[in-house]
Amino acid sequence: MSDCLRSRSLVDQVFVSYSCSASDVLDSRDKKQEEVLGNGNTQDMLRFINNNSKVCLVTLDHAGLSTNREDLEQFISANKSLQKIIVDTIPFNNKAIIYERQKLLNKQQTLKAFECRSRPLQRSK
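My numbering applies: residue 664 is where the sequence shown begins, and numbers increase by one.
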């Protein structure tokens, strides 16, 4: 799956959260070290964002990042290097949605898209 993400989304790093709910606070995810998939887990992703000056985060569907709007707003606000969030829904509806940092912070309505999931989306088998 990591290789598929690298080729389709053209990403440099793939971070995998293996044991959390989409509504969990981002900073508290994956505190207990488990098996590392891809380039690391959520804690590794947070370190990567903090250690780089311009980051574009790609996630599979909105809930792949978070369904907790308040936490997501705090996360974006606290991580100034996070310039864009791209929501890759190509496997589901052939679309990718690009969110600019300032639009997410200045237009509260934009963050509502992340309060989204009523059921899991079917990924490729």
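Take the hints with a grain of salt, since some may be wrong.
Pairs of lysine-lysine, BS3-like flavour, derived with a Cα cap of 27 angstroms [what the hints assert, rightly or not]: (1) K747 / K717; (2) K766 / K747; (3) K775 / K743; (4) K717 / K743; (5) K758 / K770; (6) K743 / K766; (7) K717 / K770.
What follows is a set of in silico ranges between Cβ atoms, one per label pair, in the way DEER data are often shown [said to hold, decoys possible]: (8) Q771 / K747: 13 to 21 angstroms; (9) S670 / K747: 29 to 37 angstroms; (10) S716 / F755: 18 to 26 angstroms; (11) S670 / K695: 27 to 35 angstroms; (12) Q746 / V688: 19 to 27 angstroms; (13) C779 / K747: 17 to 25 angstroms.
Calculated from the structure, these hints are not laboratory results. Glycine is no exception: its CB is placed at the ideal position from the N, C-alpha and C atoms.
Could you check the structure against the hints above and give me the numbers of any it violates, in ascending order?
-> Structure breaks hints 9, 10.
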